[in-house]
Every structure is written in structure tokens, then in C-alpha cells.
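J.: Could you put the whole structure together from the sequences, leaning on the hints where they help?
Line order of the protein sequences matches chains B and W.
Counted the way my numbering counts, the first sequence spans residues 15 to 347.
Counted the way my numbering counts, the second sequence spans residues 15 to 347.
A hint or two may mislead.
Copies of one chain are not kept apart here, so a pair can be met inside one copy or by any two copies together.
Unchecked claim - Below, in silico cross-link-like pairs of lysine to aspartate or glutamate (EDC-like), each with a Cα-Cα straight-line distance of 20 Å or less:
(1) K284 <-> D242
(2) K309 <-> E47
(3) K345 <-> D265
(4) K180 <-> E197
(5) K95 <-> E202
Derived by calculation from the structure, the hints in this document are not laboratory data.
Protein chains: 2
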Amino acid sequence: MPNRQFVLASRPTGMVEESHFRMIESPIPSPAEGEFLVRSLYLSVDPYMRGRMNAGRSYATPVEIGGLMGGGGVGEVIESKHPGYRPGDVAVLQTGWQQYAISNGKGARKVDPSAAPITTALGVLGMTGLTAYFGLLEICGVKPGETVVVSGAAGAVGSVVGQIAKLKGCRTVGIAGGAKKTEFIQKECGFDAALDYKASTDYTADLAVLCPDRVDVYFDNTGGPISDAVFAHLNFFSRVAICGQIAHYNDAHPPMGPRLLRYVLVNRTKVQGFIVSDHQDRHAAALVQLTQWFKEGKIRCREDVVEGFENMPRALMGLFTGENIGKRVVKVG
Amino acid sequence: MPNRQFVLASRPTGMVEESHFRMIESPIPSPAEGEFLVRSLYLSVDPYMRGRMNAGRSYATPVEIGGLMGGGGVGEVIESKHPGYRPGDVAVLQTGWQQYAISNGKGARKVDPSAAPITTALGVLGMTGLTAYFGLLEICGVKPGETVVVSGAAGAVGSVVGQIAKLKGCRTVGIAGGAKKTEFIQKECGFDAALDYKASTDYTADLAVLCPDRVDVYFDNTGGPISDAVFAHLNFFSRVAICGQIAHYNDAHPPMGPRLLRYVLVNRTKVQGFIVSDHQDRHAAALVQLTQWFKEGKIRCREDVVEGFENMPRALMGLFTGENIGKRVVKVG
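T.: Next comes the structure, spelled out in C-alpha cells:
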């Protein structure tokens, strides 16, 4: 049986399409001393992957043409020459887009299938949950009573941001596209209010109503005209975490928009970009807290499971058209 | 003899003009118990004053139509019913745009004419020097060896930012308009390199040459296309202090430009707006340090003195066309 893999066929200049990927087959690798072999069970698709398909300077090296698409996954250890992993163990690691992956244990951790569904290791109890946690608590430093606005609020990160903000005593306003999503974030994630940007004809006016005390914290996953409107409602000494700019990942040309720095000046706002791996030394402690909240039912998660390894490209593409509610994963085997 | 004052005649919608001000005469006021009367010697003109002429929300209350234009000044105490001030004392305080001002001492401090020229109390040893100090050291947290870029580098704030950055062991690149200014910042302020934006046909390409290790700290006084180019060269974990956006203070419509948040995300940049009065509790300590540097000749200052109270409006207007090198003050008496 071969190892099916997706490699980058060509670099997109605008919207990513299936033709930018190519599925290849290679032999299943054997672990060397100190390594283990994993069979992928679920693979993650995340918006940041679009950035890695570009050649430009970024925080991570771009995927080479013909190179394996990178990404996280959970899988079952099927062979091991590593002292910490045994066959039958479930692990979360950087698998890449493939059915079988070798690891030396670096960046990997074991997952306890009896504690929570193993898919959560890719979501609320994994990279996206940690992103929500550090972005809201470290970058924004939320305080009780503050108004927190979240764009991409029905997504994997945004839906967790809203719930942590509620746990911290904030008023939460989520921005999402469509009635299903705004219902989800209010009923399942406990957002106090929601703005359906697909139904709104004036984001700025609608936000004025939803945020009568202005916006103390803005957790931005999207950028674009939604962010423009939120910036116009920032409060004095507000904080903005730039987690994602999904509205622009598929832009063919550098996007233009209203200049926002005047809002930053007048309000003495702090705007800060971040990525979760910058906080890696504290991931373990944060996962303890997130797991506790999850077990206590204080944080819920919705997962959007796409069936079939062959659907990896389309699963990723769907993130940019807003198909998913909650964390999207691909079920491989 | 009357007290001549400038009041706001009307709100500008674009570039400020003389017609937006009106000079009036009123009786010289008498100090009540606990107050003192000052005769203005030098009045400050600063870009922030343009913002106060607008009705919009900002960190300070707008000037009312018919209201006295606000601002700082240094003057001589000529009558006092305040225990801390005696006739003959020189003080710096919020005089407003007038020849005589009453103060209860709040926000005022005495100036020692034997220590430094009294005009410095409006500049390097006053509001603009403190702005440079807190913006660079607190907001940006510069470290030795970092590349610091300053826009408006020949201005009252920017010229001091560059000198403090050099004292802290940074490499300094100043952006200013015209050969006189770029010569000033390099020869008098010790900037390592300068970009003359009036002579440049490609800010981005020129900055790439001037900042081969990218930009760790950007102290922004201007905004506009200069800032766009600097953002494109930001380094990982860079810091940007938004001190001013003088390029836009006279815009009639909200300005458009390239979206900058993607640079903030990729570099995990911190962008923060600030105003000097937010740090008021530490002004005294900072002034001790600035005064020491000044006395030791480690920080030099250039002042641009406009003669005559009647020229206050034109002195302010000139800030927006880049007339001044260093701190502009108006000599009143």
C-alpha cells in the first residue's frame, strides 16, 4: 500500500484552486532509530496554509514547488523506535498532508483518547484553541466588563475566543457571515451579540448599535472592511490582536483600504500581530487550563469533518469561502 | 493695554488657513487668590493643534468656535497670589494663544533661565522632548544594535528621537523632506542615514538600501506613503510608535492607502499610539534625564523662532508645509 501525499503543484496568484495541488504516491517510510511511524487519522486544514503556498517573506518558510504541503494531524503510532511512543498510541504532530508520517518526537505529543475526542487535539485542545488563548489573554489582556469584538467568530479560533472572553467576564460581540453562523455563536458559544456581515448593509452603523460603549478589545481573524468598521469604534486604550487576515490571503494584488493609523493614534490603541508558536514554552500549561474548561463544559467546540484524504485541497479552499463552522478537519482513514 | 488672543473662527474642512482664526482683544485679567498672571514670552505651535480645531472625537476636547486656541507657552510671572510663584519667575504652562494668561499652577512648572534657554521648556526639555523620550523608550523599548527609522526626523520630536536612539546604541535612519533637513539630521542630530522623501522616486527601494537589516523600530510622526514604505520593511518583532500622522491632519476626506495589517501579522509587530500626557506621572524624572543629556551636549536642539504674536496662525500652518527645522516657537514680546 502506498503513502498518498499532496504536494504543491504551482503557486496561486489569487484564489487557491485544486490545480495548485498534486496527489502523489510514495512508499510508506520506515522509522529509523529514535523515530516512529504514524498513520494519519485526521488532518488539519487551516487558513495559514494558504500563506505557505506563496513565495514571499513570512514567519515560516514557503512550501517548495513539488514539496509536501505542511500541516498538523492526529494519527495512530503503528511502528516505533522511539522510547516515548508505542504502537497504538495516538499522537498529534506535524504530519503534513499525507497518510503516513515519520516523527522523531519533536513538536509531537501524545493524545489521551479517553479524555476528549482526538480531533480536539487539532482544535480547541490544540493549535487553534491555544491561538485563541494566547491572543486574547496575553496579547489583548482582557479585563472583566470590557467589550470584546471577534471577527471570524464562527471559525475554529474565533468561536473559542468568544467563550474564553465570556469566562473572563467580558461582553462579547461576534462577526460572522450568515444566519447559521450567527445563531451558532450566540446559542452554542454564548456571544452576547452577533453581526451578520452578509446581511448588514452598513457595518459601521450596526457596530455602533452593538457596541454602545465602543470596542475595548478586537480579536481580528479576517481583516478587510469588517476590520475597518471595528477600528472606527475602538475605545481609548483598546487592544487589537491580529491573528489572521483571511479576507486577503487570496488577493492577487496588495489590497487598499481606509488608513487606520489615525484610530490607533487617537485611541492610543495597541495593535499586535502574533502567532501561537511564539508562545510554545507555555503551551503545556495553557492546554491544562483549556482541557479543564472543556471537561467542565465551560468551553464547547463544533467540528466540521470532511471525509476523505483526497478532499484535502477542497477542504482548505472551503475555508476561504466560509463553508466551515468551527474547526474543520479531514478524516483520512 | 489689551490682551490679544487668537480664537477659533471656523472649523477647517481641509488645509487650515488664516481665516479659520480671529484675533480679539480683551482686558488683561487679574489673578484671584491662588493664581498668578503670566506675560507670554514664547508660545508653542504643534501639529496636534490642528486636531483640536476639528469637532470629531479625540483624546482632547475640541476647541469651541469662538474659543481660545489652546497650547503651551513660557512666560514671565508679573503678578502672583500663588505661594509658589513670584513676579520675575519664568514658568511654562498652558497659556493658550494669548499674550497674558492666568494659572492656578496646575500643569505649570518653573523654568530656570540659567540652566538652558527658556525656549527649550517648550521643546527638547518640554513637551516634544518628553514625547520623543517616552515614545522611543517606553512604547518602542529600543535595544542596542537595532535599526530605528524616524519619520518627520527634522521636526521637534523626530530630531530628539534620533539622538536618544543613538545614545541607546541604535542605528538611526531619518526621513525628512529636502537637502537642508537631511543635512541637519545627519550633521547635527547624528542620524546614521537619511532619506530625502522629496528627492526619492521610490521610498520602498531606497529604504531597502538604507535598512539592509530591516526596521526594528519605527517612530512615526507623519503617516502616509512614507509609513507605507517603512511597514513593508519591518522586521520580525518590530515595534511602531504612532506619535503623529501629520500627512493626514488636513485631509478633507478619510484617506485611503495600502492595507498594513498583513505586515503587522507576518512580523508580529506591535503598533501603538500614544500621547505624552499619558505618562505625566513620570515627566519630572524624564526631564531630569533629558536636562542632563542636554547640559552634557549629548542632545542638541534646533529652534525655529517666528517673530510676533500676530503670526501664530501662519506659524502653525507652516508646520504642515514642512517649513520648520526643529522646534518652532513664536516670540511674543
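J.: All hints are to be evaluated individually against the structure, with a verdict given for each.
T.: Going down the list of hints, with the structure as the test:
Taking the shortest Cα distances, K284 and D242 sit within 20 Å of each other both inside one copy (16 Å) and across copies (18 Å). With identical chains, the CA atoms of K309 and E47 are never at most 20 Å apart, being 37 Å at best within one copy and 67 Å at best between copies. For the homomeric pair K345 and D265, neither the shortest alpha-carbon distance inside one copy (29 Å) nor that between copies (54 Å) is at most 20 Å. In this homomeric assembly, K180 and E197 come within 20 Å of each other (Cα to Cα) only inside a single copy, at 17 Å, whereas the closest approach across copies is 55 Å.
For the identical chains of this complex, K95 and E202 are neighbours neither inside a copy (43 Å) nor across copies (66 Å), given an alpha-carbon limit of 20 Å.
Hint violations for this structure: numbers 2, 3, 5, all remaining hints satisfied.
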